[in-house]
Amino acid sequence: MKNVVLILFVGLLTTGFTQETKAPKVQTIEVKTSAICGECKERIENTLNFTKGVKFAELDLETNIITIKYKTADVTDVQIKKIIADIGYHADEVERSGEAFKNLPGCCQDPNAKCAVKKKE
Amino acid sequence: MTKKIINFILLFLPLIGLAQNEVSGKIVEKNNQEGIPGVVIRWNQNKSYIATNINGEFEINPKTFPDTLTIDHIGYSLTKIVVDKPMAKILVELDNSDTLKAITVMGKNLGKSIDLMSARHTETIGQNELRKAACCNLSEAFETNASIDVSITDAVSGAKKIQMLGLDGIYSQIQWENMPLVRGLSSSYGLSFTPGTWIESIQVTKGTGPVINGYESVSGLINLTLKAPSSEERFYLNTYANIFGRGEVNVHGVQKFGRWKTMNFLHLENSFMDIDKNKDDFRDLPIGFTGSFLNRWETSGENFESKFGIKGVFVDKTGGQIGFDRNNNDNSKYGVGLTTHHLEAFAKNGFFFKNSNTASLGTIVQAKYHYLNNQFGNTVYDGTQRKIYINTIFSDVIGNTNHNYKTGLSFILDDYQQSFNDSAFIKTEVVPGAFFEYTYHYLEKVTVVAGMRGDYHNLFGPLLTPRLHAKWNISPKNVLRISAGRGLRVANPYADYTSLMASSRAWVVVQDLNPEDAINSGITFTQKFLTNDNVSTFTVDYFYTRFLNQVVTDMDISPNEIHIYNAEGTSYSNSFQAELSIKPFKNLELRGAFKYYDVKAEFNGFLQQRAFVPKFRGLGNIGYSTRNKKWEFDLTGNWVGVKRLPHTHQNPIEHQRDHESETYWLVNGQITYKRPKISFYLGGENLLNVIQDNAIIAADDPFGAYFDATQLWAPITGINVYAGLHYTIKYKKK
Chain A
5 MKNVVLILFV GLLTTGFTQE TKAPKVQTIE VKTSAICGEC KERIENTLNF TKGVKFAELD
65 LETNIITIKY KTADVTDVQI KKIIADIGYH ADEVERSGEA FKNLPGCCQD PNAKCAVKKK
125 E
Chain B
130 MTKKIINFIL LFLPLIGLAQ NEVSGKIVEK NNQEGIPGVV IRWNQNKSYI ATNINGEFEI
190 NPKTFPDTLT IDHIGYSLTK IVVDKPMAKI LVELDNSDTL KAITVMGKNL GKSIDLMSAR
250 HTETIGQNEL RKAACCNLSE AFETNASIDV SITDAVSGAK KIQMLGLDGI YSQIQWENMP
310 LVRGLSSSYG LSFTPGTWIE SIQVTKGTGP VINGYESVSG LINLTLKAPS SEERFYLNTY
370 ANIFGRGEVN VHGVQKFGRW KTMNFLHLEN SFMDIDKNKD DFRDLPIGFT GSFLNRWETS
430 GENFESKFGI KGVFVDKTGG QIGFDRNNND NSKYGVGLTT HHLEAFAKNG FFFKNSNTAS
490 LGTIVQAKYH YLNNQFGNTV YDGTQRKIYI NTIFSDVIGN TNHNYKTGLS FILDDYQQSF
550 NDSAFIKTEV VPGAFFEYTY HYLEKVTVVA GMRGDYHNLF GPLLTPRLHA KWNISPKNVL
610 RISAGRGLRV ANPYADYTSL MASSRAWVVV QDLNPEDAIN SGITFTQKFL TNDNVSTFTV
670 DYFYTRFLNQ VVTDMDISPN EIHIYNAEGT SYSNSFQAEL SIKPFKNLEL RGAFKYYDVK
730 AEFNGFLQQR AFVPKFRGLG NIGYSTRNKK WEFDLTGNWV GVKRLPHTHQ NPIEHQRDHE
790 SETYWLVNGQ ITYKRPKISF YLGGENLLNV IQDNAIIAAD DPFGAYFDAT QLWAPITGIN
850 VYAGLHYTIK YKKK
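Note that the protein sequences, when read in sequence, are chains A and B. The working numbering numbers the first residue of the first sequence as 5 and each following residue consecutively. The working numbering numbers the first residue of the second sequence as 130 and each following residue consecutively.
A few of these clues could be false.
[Claimed, not checked] So, partial list: chain A residues that the calculated Cβ filter (under 10 Å) puts toward chain B:
1. Glu43
2. Asn50
3. Leu52
4. Asn53
5. Phe60
6. Ala61
7. Glu62
8. Leu65
9. Thr71
10. Lys73
11. Thr76
12. Val79
13. Pro109
14. Gly110
15. Cys112
[What the hints assert, rightly or not] Straight-line C-alpha distance at most 25 Å; calculated DMTMM-like pairs for lysine to aspartate or glutamate:
16. B:Lys290 - B:Asp445
17. B:Lys759 - A:Glu43
18. A:Lys73 - B:Glu761
For the record, the hints were derived by calculation from the structure and aren't laboratory data. Glycine included, C-beta positions come from ideal geometry on N, C-alpha and C.
Chain A extracted, bound-state conformation (with noise of 0.2 Å):
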């Protein structure tokens, strides 16, 4: 009996421990990334928007930091930056996929490139 108390007793600990450490349903996380122009921050922006569990993201081209709030049910950090980065920017550690680097337009490419928004110096 006493046994039984016992693990009942662990067992009512460790599913308390597993709540605790369980992740917060909605995260908001900053990214560091590459961007430099107006037409940068408008690829990442809407690409991430409308990326499913994305609530908003938002990116200050000074800082070159983007915010983004998520559900982590739906999507994980890491995967945000694999999106980040398929879209042709480094995101924190995760370097940029060289392919869709390419495939931006001039403006994104080249900071000296003329765009209509560019990020001030």
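Dock chain B against the given chain A, drawing on the hints supplied.
Using the frame of chain A, we list chain B on its own:
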């Protein structure tokens, strides 16, 4: 003394040393191997610039090796060369066959015009603002803008008109891409001929405009930029439907054929339901069809760019008493018929000169045919206008870019054939003109634009139009602007006031109408400030317009008559506006405006406020978008103060109206939901359901002496609900 000399030499020693690191080279055109002068070359490491001489040669003293040389010249693609040792002889070939060229050359011109514009108080209404109200046509595009007031012209045509500075829209010069748009016979209904979805942006300038665009523009200048073949919209579809039975479809798209690009637009609109909210047996809105198209082309070569195209409008609307049929009328019902056929062709060319990168020449040619047939009961107004408009503009700098000038010649031919009931009027106006405009920049702080134009009108002789605009940036965050100038226009009362035909009033028009002549001056102050890192703006302006002569429409002499005559020196307008636009958060924008109009002239011998122009107006706008930009919410309220109404006390008691209108709020709202390619909108107009009771005087006896559908000061249709979508496929950007 000797010490000084030695110091002097010492100072230069390092320079001499550096000179040995010299790199020289030549930049040539790839096709003909000729040197290109004036090319700017940048060294990336020490961030220095140098330009090539007249033979295309250059010399640079870089500090470190290797360094990268960047060559970015207008009309050529960006070139980079890595130089790893001194004394290198470099030959750079620039290839101008790059497709980016057209865009780059345009950028050159665009930059200049914006620079010039900055001396004037110009507001740009862009795509975001236009989409806030799914506006169907140009007359509805200003409903969220404080500088332009929109009102309904009469109780039968459904048309809307605009006012600037409290003055009728005819005193604003309305053009598209610097070509006349709403002018002559189209001045009453022309605003509705441009679908909102064709518009890329609208530039609104208060007060007089540049002399380049002509001698008109008394109260303001409105310039439309329509979507152009250089845009990336491959296919665009828009639909609109409202509860009044109006349906619209807009389709446009760009096709590219190498250097040639074309864009085609089609607009179809149909209204089929008889709407009579105020139960006076009259259709509140006419039914019928409107169709329009635009086909425009763009191409560019080595030193020129060219834009041309054709545009057409077809309108066939029927209003008046329910049951009236235009084709089968037995004269028992009061009917309104509005027919317009409009066709125009235009060509705009820009030339740049090989030996100068500052001079350019632009030419604009426009030819128009406009036919209208408007019927209001037994009153029939019929007109044809043939027009040719030519404008040439040469611009260059004097010495350096602090001194610019624009000069040119213009030519206008207007041939009018009009008939009003039994009278016929034939008039041909031929107006050649010349203009000169000088712009002075002092640093980035002060800009002064002084312009003068002289025209010779075949009917009225010489017309001189001086104009002055200046701006002063007191600090980088604010700007003070002043403007003063003369504006002139030749009145065409039947076309200007067509909507006043919707009454039994007899038209008493003076034989010799002189040109309308006004002096306008104004002062504007704009202050920008940051709220939570977002830019907010506060603007106050005051404009004073004094008419040396105005063609006045006087409805106060008798309720059965409209008198149109010259009013010399009695007419003026004082207009004051304060507008505050705040962004407390990134995705919330609040806007509020207050307007005061003191617009007076002698009516029936007494100096009094112009009828239907309220002394006070207000505007409030709230725009909110979710952070992921999927949802947008917009709410606009227009507060309209008391308006003076024309005297009706000579009418029998049942056909008399108050001298003053009531104040009311006109509230519009819209919700937009966006997907990557498609967006949906749902909106409502006049949400407070404001309806003017008994809008039509003597509606039960439309052919009698007291009938008048022009005494309109509020909406007559009540709440409108509409819905629709935008669908866009874009070209892949290169």
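- Which numbered hints turn out to be false for this structure? Per hint list: 8, 11 and 12 violated.
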